[in-house]
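**Q** These protein sequence lines map, in sequence, to chains A and B. When you line the first sequence up against this note's numbering, it's residues 1 to 396, in that order. When you line the second sequence up against this note's numbering, it's residues 1 to 396, in that order.
One thing to keep in mind: the hints can contain errors.
Simulated DEER-style distance windows between Cβ atoms [stated by the list, open to error]:
id, chain 1, residue 1, chain 2, residue 2, range
1, A, G115, B, T149, 22 to 30 Å
2, B, K71, A, H40, 56 to 64 Å
3, B, S94, A, K120, 37 to 45 Å
4, A, D152, B, R273, 33 to 41 Å
The set of hints was computed from the structure by calculation and includes no laboratory data. The C-beta atom is built at its ideal place from N, Cα and C for all residues, glycine as well.
2 protein chains.
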Amino acid sequence: MAIPKIVILGAGYGGLITAVNLQKELNYNEAEVTLVNKHHYHYITTHLHEPAAGTASHESVKINIDSVINKEKINFRKGVVELIDTANRRVILSDGELDYDYLVIALGSEPETFGIEGLKEHAFSIRSLNSVRMIREHIEYMFSKYSYTHDDSYITLVVGGAGFTGIEFVGELADRVPKLCAQFDVPLEKVRIINIEAAPTVLPGFDQRLIDYAMKVLTEKGVEFKTNTPIKLCTPDGIVLANGEEIRAKTVVWTGGVRGNSVVEKSGFETMRGRVKVDPYLIAPGYEDVFIIGDSALVFNEEGRPYPPTAQIATQQGETCAYNLIAKIRGSAMKPFVYNYKGTLASLGKGEGIGVIGKTKLLGLTAALMKRATDLRYLFMLGGIPLVLKKGKFLP
Amino acid sequence: MAIPKIVILGAGYGGLITAVNLQKELNYNEAEVTLVNKHHYHYITTHLHEPAAGTASHESVKINIDSVINKEKINFRKGVVELIDTANRRVILSDGELDYDYLVIALGSEPETFGIEGLKEHAFSIRSLNSVRMIREHIEYMFSKYSYTHDDSYITLVVGGAGFTGIEFVGELADRVPKLCAQFDVPLEKVRIINIEAAPTVLPGFDQRLIDYAMKVLTEKGVEFKTNTPIKLCTPDGIVLANGEEIRAKTVVWTGGVRGNSVVEKSGFETMRGRVKVDPYLIAPGYEDVFIIGDSALVFNEEGRPYPPTAQIATQQGETCAYNLIAKIRGSAMKPFVYNYKGTLASLGKGEGIGVIGKTKLLGLTAALMKRATDLRYLFMLGGIPLVLKKGKFLP
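Please model the complete structure; the sequences and the hints are all you need to start from.
**A** So, in structure tokens, the structure goes:
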């Protein structure tokens, strides 16, 4: 009897937790597991806004996959997924192919630009280590150009979207700007950080007291907010708002939304904004051998509304997915995915944050410290104490 | 009797040495000296190629003017010179005016692009602290973009001109590239540094054995040379050579030549490539009260050929200029400027150099060490032992 082949696409939160759990639970020769990822590293997506702003190093959010994966138990294949050929149980990579018996699609998200013209071409997005390194270097380059040209658009930073990523990013930017000003001889009062949101409020859906606190902290740090303000157009020189106002800004970062990975749609799965409504076991409808988890999976709450794609839900899906894969192989019962919402924490730059844990609302340093604690917990889940010691010290 | 007003325009090598020497020699109330400069700092121009390549910090080549000027003896005025109104003995700044009895024009140079199309718009030049900071940040930004796009033009670096600045710059770039590759996950073998020179050889006029040594050292470090190769056109995406060849390169740095400051020409002085042929006392022809020194002054050697503009000649002119200003004030005899050529040293990156001192030719580490010694000597001339201790440690 052949050993079943499990292929996991993507080493983000969902894929990596699936792999780590399989590695723990599977017995010798029970399955051949291959983890495919574009890079040889995993990154802590929930912290990408820090290297993007330049307040943390690139290395601090990067975890080499071979530091958490035991290569005697799991094959690692560096590669870019181009298409999934479900009819032939095959994954097409840009430089090869892989057969599978069971597939886990954990390919993450892509920016959703809602058809706003020029955004895809001219705005940056916080989506990978390479993309945030580019943002950081771009901002520094623009500051250096300001000293040469004295054109204010080089030191005007527009962040589109005031959800979690947008809010956390402007918090980090506000912390970084005084240092950039010192480094590049730029007058601090000339720099503008403008956070633009189409919805009537920042952090839509969040507790009003926490929203007020976040806006107060960030406004004091120098962030300007424009809510109820859709963006109409993005150009290399800035943006035009729906109300006709033009903002000249050489740096525009879009954090306004994500959609599922386009590979999923291209491979023939039925999607909504690129996401697949999976069954209670996280299996794609119409299949028995394809799990979809993380940002490309659509799961609904009891009121019938989709859960937003977060690291928290992806991690929990990774645990359920690994459990169900083992159940399939062993012929035992799978378990349905039940989301255990533990709360939400957002940082607002150094030493400041807001959050909800259960019914408790947190703000200020407490929230910042809790965020740090959950970061450490994630590192522990991934790689135990050694990884906590290695990476924990970098986290702010 | 009114105290004569001396105004010095520019705090480069010539202007700053003039000011330092006046400060040393002038008695109380013998003259009112004002030094005008665009920035509050002087920079060591002969080392600008290092922060441009990123091998040294911006700070290492920056000397705050108030660390060498005694403000009780010399007024410092931060300002940009727009025009010299010799008829009314007046200097027009962008934000004011200054009257003078004696004027020293030491405004430095501007890049000479020899009419090559697009060079002014799309090529960088190594001319000021702000300009080299921009080069450094640009290169880093381009490396970060390569990791995102895998387009080779982002990691192709073209340096136009293989005179001293060009050669020293490619030497530093070659030292920096391996570090950039590590930082931005770029394969080293993909990076190209191409040095292009219209003349038949690099370092035209230099000793052939030293030229051969320089090319050998730099070629081993990975620099490609194209001599006998004029550039026809520069675009945002690269250059086109006179032979029609196109090189796609997002970074083009022009070091091919300099001309005198355009303010001199605009102010009605007769110039050749922006430089004024001064009399033996460094006075502009037709004037008694205007000295011109440094890159905007044209001085001829015994064979009737102009000396190239260097830090060495500017520094010596500053000494003579200060002497002659004091002679004017005291009614004593001025002395003609005699250039005392002490030799030439060029670095080729870390621990490597070439040079001529008297009839002695130097290469390798000896030349590199001698260059360091002359750097320290300059710091000593400017600010004595304290400045040597403060800045000397930064110099490579």
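**Q** Is the gap between the beta carbons of S94 (chain B) and K120 (chain A) within 37 to 45 Å?
**A** holds, 41 Å
**Q** So does D152 (chain A) sit 33 to 41 Å from R273 (chain B), Cβ to Cβ?
**A** holds, 35 Å
**Q** Check the following: the C-beta atoms of G115 (chain A) and T149 (chain B) are separated by a distance inside 22 to 30 Å.
**A** This hint holds: roughly 24 Å between Cβ atoms.
**Q** With respect to the beta-carbon atoms only, verify the hint that K71 (chain B) and H40 (chain A) lie 56 to 64 Å apart.
**A** holds, 57 Å
Checked against the numbered hints given earlier, the structure satisfies every one of them.
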